[in-house]
Structure formats: structure tokens, C-alpha cells
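A.B. asks: One letter stands for each residue in the lines below.
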Amino acid sequence: MRARDLTDLALRNLREAMLRNALTTLGVAVGVASLVAMLSLGVGLQQLAAKRLSQSGLFDTIFVTPKNNFRGMGRPARDAAESNKPPRVLDDDARKELAALPNVMEVNPQVRFFTEVRFNNKPFATVVAGMPDSSKNSGSFDGMQGNFFSSPTADEAILQIEFAKDLSEDTRSLIGQGLVLRYAERQALASSGNGGAGGNETGEDSGGFSVVPKELRLKIVGIVETEPAAGYGGYGNARLLMPLQTASTLRAAQVNDLRDIVRDANAKKTTYASLSVRAKSPAQVETLEAAIKKMGFAAFSLLDASKSLQTFFSVFDSLLLIFGSLALAVATLGIVNTLVMAILERRREIGVLKALGAADSDVQQIFFVEAGVMGLCGGILGVSLGWLLGRAITFGTNVYLKRQNLNAIELSSVPLWLVGAALIFAIVVSLAAGMYPASRAAKLNPVDALRYE
Amino acid sequence: MPNSNAAIHLEHVSRHYTMGETHVRAVDDVTLSVPGNEFLALLGSSGSGKSTLLNLIAGLDRPSAGSILANGQDLATLSSLELARYRRNTIGMIFQSFNLLPRMTLEENIELPLRLAEVERTDRGPRVREALQRVRLTHRVGHRPTELSGGEQQRVAIARALVNRPRILLADEPTGNLDSSTGEAILSLLRELQAQLGMTIVMVTHERPLAERFADRLATMGDGKLLATSVAKGQVQ
Numbered sequence: 001m002r003a004r005d006l007t008d009l010a011l012r013n014l015r016e017a018m019l020r021n022a023l024t025t026l027g028v029a030v031g032v033a034s035l036v037a038m039l040s041l042g043v044g045l046q047q048l049a050a051k052r053l054s055q056s057g058l059f060d061t062i063f064v065t066p067k068n069n070f071r072g073m074g075r076p077a078r079d080a081a082e083s084n085k086p087p088r089v090l091d092d093d094a095r096k097e098l099a100a101l102p103n104v105m106e107v108n109p110q111v112r113f114f115t116e117v118r119f120n121n122k123p124f125a126t127v128v129a130g131m132p133d134s135s136k137n138s139g140s141f142d143g144m145q146g147n148f149f150s151s152p153t154a155d156e157a158i159l160q161i162e163f164a165k166d167l168s169e170d171t172r173s174l175i176g177q178g179l180v181l182r183y184a185e186r187q188a189l190a191s192s193g194n195g196g197a198g199g200n201e202t203g204e205d206s207g208g209f210s211v212v213p214k215e216l217r218l219k220i221v222g223i224v225e226t227e228p229a230a231g232y233g234g235y236g237n238a239r240l241l242m243p244l245q246t247a248s249t250l251r252a253a254q255v256n257d258l259r260d261i262v263r264d265a266n267a268k269k270t271t272y273a274s275l276s277v278r279a280k281s282p283a284q285v286e287t288l289e290a291a292i293k294k295m296g297f298a299a300f301s302l303l304d305a306s307k308s309l310q311t312f313f314s315v316f317d318s319l320l321l322i323f324g325s326l327a328l329a330v331a332t333l334g335i336v337n338t339l340v341m342a343i344l345e346r347r348r349e350i351g352v353l354k355a356l357g358a359a360d361s362d363v364q365q366i367f368f369v370e371a372g373v374m375g376l377c378g379g380i381l382g383v384s385l386g387w388l389l390g391r392a393i394t395f396g397t398n399v400y401l402k403r404q405n406l407n408a409i410e411l412s413s414v415p416l417w418l419v420g421a422a423l424i425f426a427i428v429v430s431l432a433a434g435m436y437p438a439s440r441a442a443k444l445n446p447v448d449a450l451r452y453e
Numbered sequence: 454m455p456n457s458n459a460a461i462h463l464e465h466v467s468r469h470y471t472m473g474e475t476h477v478r479a480v481d482d483v484t485l486s487v488p489g490n491e492f493l494a495l496l497g498s499s500g501s502g503k504s505t506l507l508n509l510i511a512g513l514d515r516p517s518a519g520s521i522l523a524n525g526q527d528l529a530t531l532s533s534l535e536l537a538r539y540r541r542n543t544i545g546m547i548f549q550s551f552n553l554l555p556r557m558t559l560e561e562n563i564e565l566p567l568r569l570a571e572v573e574r575t576d577r578g579p580r581v582r583e584a585l586q587r588v589r590l591t592h593r594v595g596h597r598p599t600e601l602s603g604g605e606q607q608r609v610a611i612a613r614a615l616v617n618r619p620r621i622l623l624a625d626e627p628t629g630n631l632d633s634s635t636g637e638a639i640l641s642l643l644r645e646l647q648a649q650l651g652m653t654i655v656m657v658t659h660e661r662p663l664a665e666r667f668a669d670r671l672a673t674m675g676d677g678k679l680l681a682t683s684v685a686k687g688q689v690q
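If you read the protein sequences in the order shown, they are chains P and H.
Here the first sequence is numbered in this note's numbering, starting from 1 and rising by one per residue.
Here the second sequence is numbered in this note's numbering, starting from 454 and rising by one per residue.
Here chain P stands alone, though its shape is the one from the complex (with noise of 0.2 Å):
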């Protein structure tokens, strides 16, 4: 029999017990709508943390040190000819180096310094780090209170949520107000031997600098949550961010200011003590640092912890998809149920298409092509209760993060490669339930068909 003739008889055969058949579709629709939500979630999940890493720059970014700075942590001493070569120093020439390396978006140092500020002539100590202008994009200032910085070199802070609470009880009212930076300015010292500045950008000459305490004046912009990738790269996490550009020109002093000069007395060169080393994508991010630790620096990132997340994703998906998948296989119960009725139900209609020529295929066909179309017409159903379902949850959960003072977020996702997949499931699994009743009713003998009152 033809196609169309075949789904003619199957779509009528189907109107016949209307009721019953769409209750076995709506079966399978629950199956599917369960599969759906479980992978839209589990898929919507997945999103969230990779938008939310890849903003916060931990997967994109790696961290550059001088080799020596990571010596004597339990790593593996080095071999003896390596050692005896000077290690690389992270100065300007590395700098300049590092973002001429191919997919590297951009090369910042850490500028992050401990020291005190002062609000309301109270004193607070706390880590103050420099933001780059990019890190505005990163997820972590979404949702804060204010903004972010004007510009590049505007003299503006924000501050940590924790911190802001020390200074005012009402944070809000802090955001226009102003507060002190106080901080040890690094000034050069005239050289014994040579006499006189050198010519490194931060005047620091070979002789060594001298240390002077220096105040600036910030504006409070905005309040945040957390610091961006808080507490990796630098000593603790920083309470008050201020523009990146600003904190560079206040030749503040670091961490590493003595041991450069301890190391290194001749050197008229600005050194970092890291500097961070972003890439246009994560996937780049391997490459990259390879080539960082060829160029003879040490380099991390955290890639290893990226692709523990895909893994960890990869189970969590495979369990939703089975969990899923449970209420899907009851359905197919169903519809094996509805089909076998409907063998007893037609006997005598099949014994008469037998005796009128029909194949036992003919026979078989119908019932799968009737199989079919509840899956399908179950998947279609099935998906759109999914995505119903899911954008519930979305909405539920967000209802009750906008009652905690939390931002929204997109917590269920159906992109159309589940659409498909679930549809193609749905189909097949009926298909496949629908192979029992229609061999069944394939192999009925026609002349006992005939019989049948």
C-alpha cells in the first residue's frame, strides 16, 4: 500500500478511539515534557556556569609569574642546567611579548596592595586591586549597586559588599560619597654609582626607591557582591577595586618591590610581579599557555577545573536524560497497551483486509505508522510542555531569587538539537513499542480473523 494511503487508514484508524488514543499520546507528551525539562535544566545549568566562568575571566585568563616565584612549593626541583640560567624577568619587554602571542586579547598586570583607607577620619585596612577597563563585561558587576568606573582613569572605587558594611550599615547611601586612599608611594632613590634617575617609567633608578605615604581621593561608584576572580592570582581577596589605569600610576608599593631590588640591583626595567594573560576564548587557552611556559615564565590557569566541569555537566546530563527517560519508557507501555486493544478491537477488520489483499506488511504498517504518529504528535506536545515546564521552573526560581535581593537567571534552556533529539526519541521509542502489537496483528490468521465476532 502506498504512503499516503497507509497514513490515511493509520490517522482514521486513530480518530476512531479518539479518547483512549490521546490519552496514549498524552502519555507519552508527560514522557517527553519530563525528558525535556530534566535536559532543558540540566542544559540551562551548564549554560549559566560557563557564561558565568568565561565572564569571570578564570577560564580565559592565565596567570603569568617570573619561573622562580613558585620554587620551594613542594614542586620538583628543576634540573641542574636550567637552574643555573638567570630566571625570566616579567617586565615590559615580556609585556609587550605576551600580547604579540596569537588569540591573546589582552595583558594586564596585578596591581594589588595592602594599605588603609579612611572614611568619615576612621581608618580601615584592606586590599585594594586594580580592575582593568574589560573586567566591566565579566558577569561579576551585573546586578551591583551604582556603576562601574567612568573611565579607564577616573578616581573612583568600588567597593566589596563586606567592606561597605564596615564603613555604613546603609551601603546604598554610600555609593557618591568619597573616601581616602592612604598608600606608600614608591619614590627613586639617587644612584651611588651612576647619579641621577634612570629612565624606567616608574623612576625607580637601580639605587633602590624610598617609600612616602600618599593620599588620594576616591569617589564611591558602586557596591559589589564579590571580587572578580577573587583570591586567585594575588594574596586575599581585594575590598576596594578602583580603576586599573589609576592604581598603576600610583606607583604604589608591592609584594615584590624588595625582592627586585635584592635580585637584581642593576636593573632599570619595570617588573611585574604577574601579570594576567587573557585569551580570546577558553579553547585557546591550552595552546597559550604552552607557548607562555616556552617564552621561559611560569604559567596556570584553570583549564584542568574547566574540564572537570564538562565532565562533572556530562554525568549530570546523563542522569537527567535517564531519570528523564523513565517516565518516557512507561508511556511506551502505553502505547503497546492502546495497540494490543486495538488488535482485539479490529480483528475482524483485519481478517477482511486480509481476505480484501492486504500483506501481512500492509497489516503491519498501519500499526506502526500508527505508533508513529502518537509519538510524534506525543513529542510535539511533549516538547512544548518541556519548555513550558522548564520556563516555569525559571520563573519560580526567579520569583524567589528577586525576594532574596539575587538576580535573575536563565535556569532552563531548549536549544533546537534537544527539540530534534527529543522528537526523534519520542518517535522511535514508539516505533519500537509499536513493534509487538503490529507483528501481532500481522501474523493474525485471516480466516479466524474473519471469525471473530
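If you're looking for bench data, these hints aren't it; they were derived computationally from the structure.
Do not rely on the hints blindly, as some may be mistaken.
[What the hints assert, rightly or not] Stretch-level coverage of chain P by chain H, calculated; a stretch enters the list once three of its residues show a Cβ under 8 Å from a Cβ in chain H:
hint: 1; segment: 1-13
hint: 2; segment: 352-365
[Unchecked claim] A few chain H residues facing chain P, derived, Cβ under 8 Å:
hint: 3; residue: Asp514
hint: 4; residue: Arg540
hint: 5; residue: Asn552
hint: 6; residue: Leu565
Where a beta carbon is used, it is the ideal one built from N, C-alpha and C, also for glycine.
Given chain P's structure and the hints, the job is docking chain H onto it.
C.D. replies: Relative to chain P, chain H alone:
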């Protein structure tokens, strides 16, 4: 030896089956030839094996022994698919209880064999209308079987059996559910259609008087055996 003019030839055909511990000889060593364009009536009491013999000729059942030649084909050698094709193209069947599909209109019922034979959609309409004209039911177009009388339903069944232009028409008690005058009308119609279309008819019936009147030849069965064949009285006169 098979008659070369025979549309159907049965040679020592038996159909035995077991019911519990009982061995039933539904058809027992029947040899019979039905020439082309003959109207043969199979008579006999209930359980005599006439319906089983009809099912064997229809290819709905397979003989335990013997051979059946129908329209030149040895049914014993045909596969299940080939038997289905044989039923579709060579055989038309009508039943005592009409066996129309109640959810379909009478045109859809008549169209069913055309669908199975994969006849082009454009050809189906004219062939269904032609079949309806032959059984004089054009005024009932659009009705469902339950809206028709018994006689009309059997005429629809005849139209359905003939729409694929079969060479052999098999009728299993076609008047069994009809009153005598309607039964007569149906047999009269069958006779008329046979004359128009030139086909062989094998009819199973209990009603000897009707068979004597409308059939060419009678074959009487008892206990699965063919007891006798005779020329129908209607034809003798």
C-alpha cells in the same frame, strides 16, 4: 488431470487440523474442477467443510495435502505475499455478514481494494462510481453501512468485491442474513454481473432452492468429502 478450461482445479485437497485431542478432517481428499465462467454452488450442512474449501480457494488458508490451481497458479507454491497479491488481483469475496467497515462510507469501502492494489488516485473515483452503478446504489453515495439495509449492504460488498475486476468471485453464504426476496435479488444481481463481466463464481450456501435456480452446477459436501456434483435444475430447464 486438470481440465485445461478450469478456472479452479482442486486435486486431492485435504485440510486437517487438531482441536485439543481431536483430529478434524475439515476437507478430506476433494478433487473438483470449476470451468471458467461457471456459477458453482457448494451445498452441505454445517460443518461439512464447504466454507473451509472456499477459504482454501481464496488463499486465506493452505491445504494440508493436495494442490489447488486457480487461474493457472498453484496456490501451494505461493508465498504469503504472493497469496495476498492473488487475493487482491484474482479473487473477489463476499460474506454472509457483509464485512463492511462501519466507519467508512460505502465509496470508501469500495475503494479499499483499489488502495491495496495501489491503483492511482485519479483512477479510483471512476472505478468506484462504475462499481456503484453496477449494483445500482449511486443514490446512496456518502452513506455509511449502518445507514443501509441488509440487501444494500450486500450490494456494496459485491461492488467492493468486483472493483478490482477479479476473475473469480467467492461468496460465503451471501444470502444467509437476508430475507428470501432480497436473497433472490442478490443472486439475480450476481448472475447478471457474471454475464456482464465474465467471471467464475463459487458460492457456499445452505439454500438449495436458490442454488438450483441461479447456479450452473451444484457440489454437495458432507463430512469434508465431496459427495456429489450435479447440474442445477434451473439450467436443465
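A.B. asks: Now tell me, hint by hint, if it's right for this structure.
C.D. replies: Each hint, compared with the structure:
Closer than 8 Å: that is the beta-carbon criterion, and the segment 1-13 of chain P has 5 residues meeting it against chain H, so the requirement of 3 holds. Restraint check on the segment 352-365 of chain P versus chain H: 11 residues with Cβ-Cβ distances below 8 Å, three needed, restraint holds. For H/Asp514, the interface hint holds, the least distance from its beta-carbon to any beta-carbon of chain P being 5 Å, beneath 8 Å. Interface restraint check for H/Arg540: the shortest CB-CB distance to chain P comes to about 4 Å, inside 8 Å, so the restraint holds.
The beta carbon of H/Asn552 is positioned within 8 Å of a beta carbon in chain P (closest approach about 5 Å), and the interface hint is therefore held. Hint on H/Leu565 holds. Least Cβ distance to chain P is approximately 6 Å, under the 8 Å limit.
Consistency with the previously given hints is maintained throughout, with no hint failing.
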